[in-house]
Amino acid sequence: MSIGKRFGALLMCCTIVLTLFAGCGSGDNPQPQSSQFSSSTQSPETDTPAQPLEKKGPIVVFHPFPYNNVEEDWLKVQAALEEAMADNIALTFDFIVVPTDGMLEKLNVMLAGGEQLDLVVLNPGDADKYMTTPDLMMPLNDLLNEYGKDLLENIPEEAWIRCTNSKGEIMYLPAYRQWRWQGCAIREDLLEEQGLPIPTNIAELENVMETFKNAYPDMIPAIGLPWFSDPFLQGSQDSVASWMTDYALDADGNVVPSRTLPEYKKMIALYKKWVENGWYDAEYMSGNDESHALLWNTGRIGIWFCDPHRALDWNYDSFKQNFPDGKGTFLPIPTNEAGVKKFPISYGVGRVVWIKKDSQYGAEIVQYFNKLMTDPDFYMLATNGVEGEHWVDLGDEWALPEGVSSDKRPYSNLLAILSWEFRDNLKPARRTPRPEVDWVNDALNAEYASAELILTGLEGFMPDQEPVAQYNPIDLDTYLPQVIVTDVSIDEFDNVIQQWYDTGGREIVAEYTRQYNEWLEANK
Amino acid sequence: MVNKAAAVHRRKSKWQEPIAASRPFRVFNTLLMILLTLLFLIPFLLVAIASFTPEIEIAAKGFQFFPSELTLYNYKYLFGASDKFVRALFVTIFLTLIGTTNTLFFTSLGAYALSRKYLPYRKGLTFFVYLTMLVSGGLIPSYMVVRNLGMVDTLFALFVPGTIATWNLIIMRNSFMMQPESLEESAKIDGAGDFTIFFRIILPISKPIIATMIVYLAVGYWNEWFAPMLYITRNKDMATMQYLLREIFQSTSQSLSSKQAMTMRADQLPPSQSVKMAAVMVTVVPILCVYPFLQKYFVHGIMIGAIKE
Amino acid sequence: MRPHKSFIQNIVKYRYLYLMVLPTIVCLLIFNYYPLWGLRMAFYTYYPTKGFSGSPFVGLQNFVTLFNMADFGKQVYNTIIINIYKLILSFPAPIIFAILIAEVRQRHFKRAVQTISYLPHFVSWIVVNALLYALINGNYGTINIAMQSMGMTPPKWYVRPDLWRAILIITEVWKNVGFGSILYLAAIANINQEMYEAAAIDGASRFQQICRIMLPCLVPTIIVMLIMQMGGMMRGNFQQVFALVGSNTPLYSTVDVLDTSIYRLGLEKNQFSLGTAMGIFQSAISFVLVMITNKIANKVGEYGIW
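Chains P, X and H, in that order, give the protein sequences.
If you read the first sequence in my numbering, its first letter stands for residue 1, the second for the next number, and so on.
If you read the second sequence in my numbering, its first letter stands for residue 1001, the second for the next number, and so on.
If you read the third sequence in my numbering, its first letter stands for residue 2001, the second for the next number, and so on.
Please keep in mind that the hints were generated in silico from the structure rather than gathered at the bench.
There could be a bad hint or two in this list.
Unchecked claim - No farther apart than 27 Å at their CA atoms in a straight line, the calculated lysine-lysine pairs in the DSS-like style are these: (1) 2156/H <-> 273/P; (2) 320/P <-> 1061/X; (3) 2156/H <-> 1207/X; (4) 2013/H <-> 1123/X; (5) 2110/H <-> 1188/X; (6) 213/P <-> 265/P; (7) 1207/X <-> 1188/X; (8) 106/P <-> 2295/H; (9) 320/P <-> 265/P.
Next up, chain P with everything else stripped away, as it sits in the complex (with noise of 0.2 Å):
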């Protein structure tokens, strides 16, 4: 056999190992077509005499925070919603799970391809930067007219506010927890050590961080992203302007990047001078909730700016391995000069869905929440999985199971999506009570409840970026943490800030004023 038939022959091996390869490869996939027929494999067993209805979907879910969840344990839990599902709404899931880095590179991928996606879940912030384009967003306020109304009722109004945009259109459906996640960690045993009192104004703060300094050569005294620190801190300056406010008024009545405005400056002195003085970790930014946790559990960090729950829930069991005598409590929200606390607006709302505009299942989708919304054992099941494997029924009560700690769990929450704290009609969902643990959520909630909001006259108020989408000014995100870091001035920070106005932030400025003055004229 010459060789080119012999290389034919190779060649033709190869292609059938592939395509067989390939084949399996893909096989994974439900045909992401949109079928109205019932699909063979299920059998929904109901025990209403109805007849089944035929099965929908799948919709494409686009889910960025899968945390610890495992994937065969949420088909499990899928597929036991879709059965419970099928005698009404008769709804199935096609998850797209992605790693919570790189979530909006790889969601902008799939919509630039045209990839069909029915609900897509995102931070408030993240979904904003998508409320703008064109014809993406469904509009919802019919079909929860029409579907939704116990979520209507039954979330917050604020809630609905930050989910409105200024056409009125509601966009987005919410989450709502009454916690707030912003605040702050600290080694209560290593304050006791050093005799020291929790600190409950800046001074204080600073204090404790001088001492763990000198004391703890070995430990950086603070870290933090500045998502949790800037709101944590910003009622201690008076200010309205955090990394998590977008946009505010300034002292003409103009709509600016809150960021941008004068008092923001004292903030990044503060960070400044904290870097300086070697109190904050000036490699802040390059680190995540993953890396600081793993500073916090082996004690090379004091102060963590952070969800407090991550530090003294969530890794509590980490932390006390390394530190048996080990103590952290939460701080109370630094006062300001006059000795009030502040803290912003939160809406908790932490988490949004939107619905695709060219999705076929709009309706079916808020039915699928309100069940959620109204079901308790609907809810239960997704939120906490299927009985008997992932949780256990002690009848008043729930508890894990054997051998499973709450942060191994391998299923939690994926598919509820959203939560809803305030809730009272569940079934008693308490866990066998940890109470190293359980007192957090009812204290931090206590202790942000009696803090003053601070309000930046614009609720309500959602600017629309198209009109401005050409211009592009300076990336704040890039130039402000330099401010704080390098060796500048402080005073840099009102070059970067010309600079912004500069590039194109003027003319923004002019066209959000403009839309927030019309509003007003509107709204009045």
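With chain P held as given, fit chains X and H onto it using these hints.
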């Protein structure tokens, strides 16, 4: 005189200089070479040691050369905790084999055809190939093409777009062009067809350049991470090792989450730093083991390519 | 001598050769030329949800926006300046390394050094990022800990933009010096040994031999490689910057290059039209540069591509 003869004899071997540089310089040079060798190796050594270090020690004292304790836990975690890593390893091996063969086959065919000086429209075709090196459509248009062909989330997307490696094609074309024409002529006289000439005559002679190409391509496919990042969204089974490595560096717990991982975490501290290093070692060690043996080929191949007769 | 036959006759006569080159043509058409048609995105304000028919045509508006973009000037500057630094530092490194290697007389030692020097070339930039992480990470990095134990305060590497151009260049040298030297070693080995002997007889020292014989013989190779390098002035090393810097924004002011910016515009910020416009800008300038430098290369050496 005798010395001179001996000197001439030594000079005949290719790698020896007729007159050596001064002794101090040679000593300095040797020391310098040793220093450079250390510079090349030390980072790998550090990572290797770190991969055997327990997480708690790295967290406390950082990456060090002499940890107080060594452990295999990280590797056990990597392979036992989640089948993701093992699957990525197989995907990468498979991709390297298939991709290299695929690209080599079609590229060398095209290179041969374009090396025949008598082929009409040859200049035009060569320019057609060359132009693609200068202009490209960019990210999104390429993605749309791959998607319209239905290759998204399959292994095809990782190697089919790269079937023709233009730079390699040009080099191979030049190399084929340098073969004496007499070979082809005499084969034609014997009645051989173009395919036969290519496979039976030109290819065997061109072993060095083919071997070089294999090395280039194999390394490229082994290290591929951008294509999976772009094209693989849903089907995690198609992730390559480098891509998984990147994900592990961003978030270890999310990348390697699985039931076994949860049961394995005996010491409660989710391993991240040490596992990252272990993952790096797994991607590097195969290359480490293989490339010294291929050295002969790619060195020779580059030399052939460099020397223009 | 070109046969003056008709198109069909040519195809038929050389049908096997055309068959060989057919996959090349098809593949390049699909994956390289067809996406070029997608470049027209730069002249629209492209909305993926609406496709081309629904997106407004805006002509050169995107390019105007591009040039007015605040960071654009910075990115162009970074791309060029980093390439210039690389030209000055990273380009001579393989040459010097080759010359030094050639002077080593112990064969096995030389072989070992060479083999080890190729290793960095074969690992990906992601691995290099991992190695760098092990060395300079703020909490666990070995270099930092070593500096601390010697009493010095280590810099916070990941927030020092002023250090990162140097880091990029050093890592690139580290990665490429070994492999890049092969080419020059080939050229060195190709030099007629007789010339050294003649010079030695005339009393030239080794150093003089290198300067006056070896280097001039290397010049053609060097010039050709130099010219090819200059053709790539507008292109940054995407793999390197993306793997090492990633989304570490404080570093963007010194190391953000056009390539990574295009990636971000397209994939992170959804501004496809703008990203495509930037890509066209980069491709156009690269095209011109490569054309010019290739013409020069043709005149100087025989390395012209066609």
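Verification of the supplied hints:
1. 2156/H <-> 273/P: The hint holds at about 16 Å.
2. 320/P <-> 1061/X: Roughly 19 Å separates the two Cα atoms, so the pair holds.
3. 2156/H <-> 1207/X: Distance ~50 Å between residue 2156/H and residue 1207/X Cα, so the pair is violated.
4. 2013/H <-> 1123/X: 18 Å, holds
5. 2110/H <-> 1188/X: Measuring from Cα to Cα gives roughly 45 Å; hence the hint is violated.
6. 213/P <-> 265/P: Holds: residue 213/P and residue 265/P sit about 25 Å apart, inside 27 Å.
7. 1207/X <-> 1188/X: 22 Å, holds
8. 106/P <-> 2295/H: Roughly 42 Å separates the two Cα atoms, so the pair is violated.
9. 320/P <-> 265/P: With a Cα-Cα distance of about 39 Å, the restraint between residue 320/P and residue 265/P is violated, given a limit of 27 Å.
Comparing the model with each earlier hint shows violations of hints 3, 5, 8, 9; every other hint is respected.
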